[in-house]
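Here the structure of chain A is known, so what remains is to put chain B in place on it, guided by the hints.
Chains as they are written, first to last, in numbering that gives the first Met the number 0: chain A, 0 to 479; chain B, 0 to 479.
Heads up, none of these hints are tricks.
As the list makes no split between identical chains, a pair holds if one copy fits it or if it spans any two.
Restricting the straight-line Cα-Cα distance to at most 25 angstroms, the calculated cross-link-like pairs of lysine-lysine (DSS-like) are:
#, residue 1, residue 2
1, K58, K322
2, K121, K334
3, K58, K334
Derived from the structure by calculation, the hints contain no laboratory data.
Next come the chains, spelled out residue by residue.
2 protein chains.
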Amino acid sequence: MSDEKKLTSRSQDYSAWYNEVVQRAELADYAPVRGCMVVRPYGTALWENVQGGLDRRFKETGHQNALFPLLIPMSFLSKEAEHVEGFSPELAVVTHGGGKELEEPLVVRPTSETVIGHMYSKWIRSYRDLPVLINQWGNVVRWEMRTRLFLRTAEFYWQEGHTAHATSEDAQEETMRMLDVYADFAIADAAIPVVKGRKSESEKFAGAEASYSIEAMMGNKWALQAGTSHFFGQRFARAFDIQYLDHNNELQYCWTTSWGVSTRMVGAIIMAHGDDQGLRLPPVLAPYQVVIVPIWRKEEEQAAVLEATERIAAELRPHYRVKVDAREEVTPGFKFNEWEMRGVPLRVEIGPRDVKKESVVLARRDVPGREGKSFHPMGGVVSWVGDMLDDIQAAMLADATAFRDANMHEARTLDELRAIVADGWAKAYWCGDPACEARIKEETKATNRCIPLDQEDWGPHTCVVCGQPAEEWSHWARAY
Amino acid sequence: MSDEKKLTSRSQDYSAWYNEVVQRAELADYAPVRGCMVVRPYGTALWENVQGGLDRRFKETGHQNALFPLLIPMSFLSKEAEHVEGFSPELAVVTHGGGKELEEPLVVRPTSETVIGHMYSKWIRSYRDLPVLINQWGNVVRWEMRTRLFLRTAEFYWQEGHTAHATSEDAQEETMRMLDVYADFAIADAAIPVVKGRKSESEKFAGAEASYSIEAMMGNKWALQAGTSHFFGQRFARAFDIQYLDHNNELQYCWTTSWGVSTRMVGAIIMAHGDDQGLRLPPVLAPYQVVIVPIWRKEEEQAAVLEATERIAAELRPHYRVKVDAREEVTPGFKFNEWEMRGVPLRVEIGPRDVKKESVVLARRDVPGREGKSFHPMGGVVSWVGDMLDDIQAAMLADATAFRDANMHEARTLDELRAIVADGWAKAYWCGDPACEARIKEETKATNRCIPLDQEDWGPHTCVVCGQPAEEWSHWARAY
Numbered sequence: 000m001s002d003e004k005k006l007t008s009r010s011q012d013y014s015a016w017y018n019e020v021v022q023r024a025e026l027a028d029y030a031p032v033r034g035c036m037v038v039r040p041y042g043t044a045l046w047e048n049v050q051g052g053l054d055r056r057f058k059e060t061g062h063q064n065a066l067f068p069l070l071i072p073m074s075f076l077s078k079e080a081e082h083v084e085g086f087s088p089e090l091a092v093v094t095h096g097g098g099k100e101l102e103e104p105l106v107v108r109p110t111s112e113t114v115i116g117h118m119y120s121k122w123i124r125s126y127r128d129l130p131v132l133i134n135q136w137g138n139v140v141r142w143e144m145r146t147r148l149f150l151r152t153a154e155f156y157w158q159e160g161h162t163a164h165a166t167s168e169d170a171q172e173e174t175m176r177m178l179d180v181y182a183d184f185a186i187a188d189a190a191i192p193v194v195k196g197r198k199s200e201s202e203k204f205a206g207a208e209a210s211y212s213i214e215a216m217m218g219n220k221w222a223l224q225a226g227t228s229h230f231f232g233q234r235f236a237r238a239f240d241i242q243y244l245d246h247n248n249e250l251q252y253c254w255t256t257s258w259g260v261s262t263r264m265v266g267a268i269i270m271a272h273g274d275d276q277g278l279r280l281p282p283v284l285a286p287y288q289v290v291i292v293p294i295w296r297k298e299e300e301q302a303a304v305l306e307a308t309e310r311i312a313a314e315l316r317p318h319y320r321v322k323v324d325a326r327e328e329v330t331p332g333f334k335f336n337e338w339e340m341r342g343v344p345l346r347v348e349i350g351p352r353d354v355k356k357e358s359v360v361l362a363r364r365d366v367p368g369r370e371g372k373s374f375h376p377m378g379g380v381v382s383w384v385g386d387m388l389d390d391i392q393a394a395m396l397a398d399a400t401a402f403r404d405a406n407m408h409e410a411r412t413l414d415e416l417r418a419i420v421a422d423g424w425a426k427a428y429w430c431g432d433p434a435c436e437a438r439i440k441e442e443t444k445a446t447n448r449c450i451p452l453d454q455e456d457w458g459p460h461t462c463v464v465c466g467q468p469a470e471e472w473s474h475w476a477r478a479y
Numbered sequence: 000m001s002d003e004k005k006l007t008s009r010s011q012d013y014s015a016w017y018n019e020v021v022q023r024a025e026l027a028d029y030a031p032v033r034g035c036m037v038v039r040p041y042g043t044a045l046w047e048n049v050q051g052g053l054d055r056r057f058k059e060t061g062h063q064n065a066l067f068p069l070l071i072p073m074s075f076l077s078k079e080a081e082h083v084e085g086f087s088p089e090l091a092v093v094t095h096g097g098g099k100e101l102e103e104p105l106v107v108r109p110t111s112e113t114v115i116g117h118m119y120s121k122w123i124r125s126y127r128d129l130p131v132l133i134n135q136w137g138n139v140v141r142w143e144m145r146t147r148l149f150l151r152t153a154e155f156y157w158q159e160g161h162t163a164h165a166t167s168e169d170a171q172e173e174t175m176r177m178l179d180v181y182a183d184f185a186i187a188d189a190a191i192p193v194v195k196g197r198k199s200e201s202e203k204f205a206g207a208e209a210s211y212s213i214e215a216m217m218g219n220k221w222a223l224q225a226g227t228s229h230f231f232g233q234r235f236a237r238a239f240d241i242q243y244l245d246h247n248n249e250l251q252y253c254w255t256t257s258w259g260v261s262t263r264m265v266g267a268i269i270m271a272h273g274d275d276q277g278l279r280l281p282p283v284l285a286p287y288q289v290v291i292v293p294i295w296r297k298e299e300e301q302a303a304v305l306e307a308t309e310r311i312a313a314e315l316r317p318h319y320r321v322k323v324d325a326r327e328e329v330t331p332g333f334k335f336n337e338w339e340m341r342g343v344p345l346r347v348e349i350g351p352r353d354v355k356k357e358s359v360v361l362a363r364r365d366v367p368g369r370e371g372k373s374f375h376p377m378g379g380v381v382s383w384v385g386d387m388l389d390d391i392q393a394a395m396l397a398d399a400t401a402f403r404d405a406n407m408h409e410a411r412t413l414d415e416l417r418a419i420v421a422d423g424w425a426k427a428y429w430c431g432d433p434a435c436e437a438r439i440k441e442e443t444k445a446t447n448r449c450i451p452l453d454q455e456d457w458g459p460h461t462c463v464v465c466g467q468p469a470e471e472w473s474h475w476a477r478a479y
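Just chain A, with the same shape it has in the complex (with noise of 0.2 angstroms):
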């Protein structure tokens, strides 16, 4: 339950801000084990619409779910030079099992590239067997040393998707098509409006040829990386031994990719949305779209009240997810409290006056200037129910992408960049020399999110650290 106590506010503290927020929502809780979560039961029900939207997503575009091992051979991950060398110091090693010391050591995985090219060598024969386009949801462990609940654990979860094909385009077209995948969901059902890139060479994934990622801003104006998407060329099936015989009957190796989104999109959520009062959850997303109030001062009015509370719940419940919250022993007003703090987009309210006049109070958890109270009838509920939810999630986005583009801008010389990034996201050209990328981190703390697809030309074509051409321009930002 939430307490009394005031949550601290995003402007006073954003970091407490956040903790408390996860936590008397009770999204999740801290796991005895150093680094780990628990996700609590309103945590999950958030993360299991994430999963639904992806889930869909991934489906009508051919994938399908498997389930690999947990624990691999530590053997495994030195096949691929980069990246072994990227997740050794995060893993997490089993050497005992059934009482004794195993022969080799397992690790529990950080990630599943290695495991699934195994299995990919042995199931992959011929060109017919070709795309193979696989998911896995599951949990893996990276040995973190600063956590944060959702933001960074040592164990998370998420889904991979690892997929082979017979050339490098189609490998190429399966990494971009799973980026908008990502990008689709975090706009449409996230109401988070991402912008689609490309990671610097210093900042892709250990492995890959290349990596993309999807950029969020959050309340802060840091940023936050919530999808990757991954094009490893032929790395991983030369490494793995992942070959088929094509039409003229050649061994060929296979082009691979991988993608993945975690429980760092629900730590996007609830820093893209949430106010000093608490979560907002967009409800597309959200695990109650509507909290039901029943309010009564007098015995003789409850049968009347909770009998109406029940008749419009039972017509909304097919169409919305709804809670009904009758509780006796708290008040009205710790109610309201609570469900705001756990960001409920509607919130109806019944009372004896209420049930006469045959309609009901509403509140929105709405955007900025858009909240408060009003009547509407009880007739027709389904309906402006439903047009209420599709307009707060619309006003969510525009609101997140009007905080977005009034927080980005452009910086023509290291000073300027390093003045916008203490409060928002620096767009700068950049030459492509690691050290000049080395050097804006250092001096400004800011990374290169990304190099964004859409590269809308704001020239002069020069590098913002070292002053020689640049082709691109890329998002710079403090990150999590």
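Same frame as chain A, now just chain B:
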């Protein structure tokens, strides 16, 4: 793809038949870590349908999902004496994380009573917080020596429900409610006529006061425990200090339960229904309920056949899970064998003559005596396909029930019991003495599957071993 070689028949070698079906139907494969499995897309789709049927029933009975950590401090397991004794030989232990040896080793969860008990002790304060009704979907690891895909693997997938209650009665009611949920799922969705019963002392869960199970008869007349529900009394509440303030403001220990169904259920479905052609899947759970095979010889026939195929598929898709198999590199006969092997309930064949006659050829993967082909009009296909799926579902349950009943016999002496369990299940009164139970196991290899809740009286009430008075009878069988 299933190869051309015929399956080993069940009568020839049941165990080989099982392994071949699992692999050739592409349900699962062996992982590179000993004892672990890869669940392939077809097996995962079947498991997801199992999950869907169970999850819906969990939510209808008021449960919510949550996610608890994979890694558990070793010391947690020792807090409940029987529990640690039961699980320590099976533990996988993480000793290193982030490149360092850990101060306290972590076990990969073999089950989550301990860590969930720890969280409940933090969350539960008063009677108002009760009951806590939480389920978790996830993976667990138990180091097994002799493994078999789906039936016994080191890592497996399951759900584990964990609930906390104010009274013993509430917890016992929950234990039985979930046993009923499991039986309802098994019977209605999986078409497996399970028996509900109590486990004997020697067969119950490590740490439980009472364990209950649903037991299913496989095609070789062995038994398989397909789900369990445990009443813990206050044991875990005392071990983990799960207390609440009651109405009188006095601290009380909670009463807890846990209940689980795992990927073993997939093994149960394979063995309860499979035949010498391969899988037979109950329509409610089948990944594809209908497969459509277009057939043409001459090129000029192709367009009309494919057009009709797509039209029928489009009609069916909103209602059923449909697969169109239009591969050109394999013959129709190959496809028929393959989809029979993979257990698809209905196969629709559409050839040039069918297109002209506005009809289709239908082949049912039905119970013995009801298979074979028939013609059906293309008109009204949604309706007759639905009727036929319902009919097959019902016939599979009736068939499995008749098989079970025909292979279940009353044993009044140990010799009778020995003879019966060589090829069936024995019903036998037992005095309750573990020594008699152990002797049955030793002499017949049959174990006490359960003491069925439905104790219809078929006396004499004397123990099948020692002849002493016996209040209850058990099912005895060889078991997986």
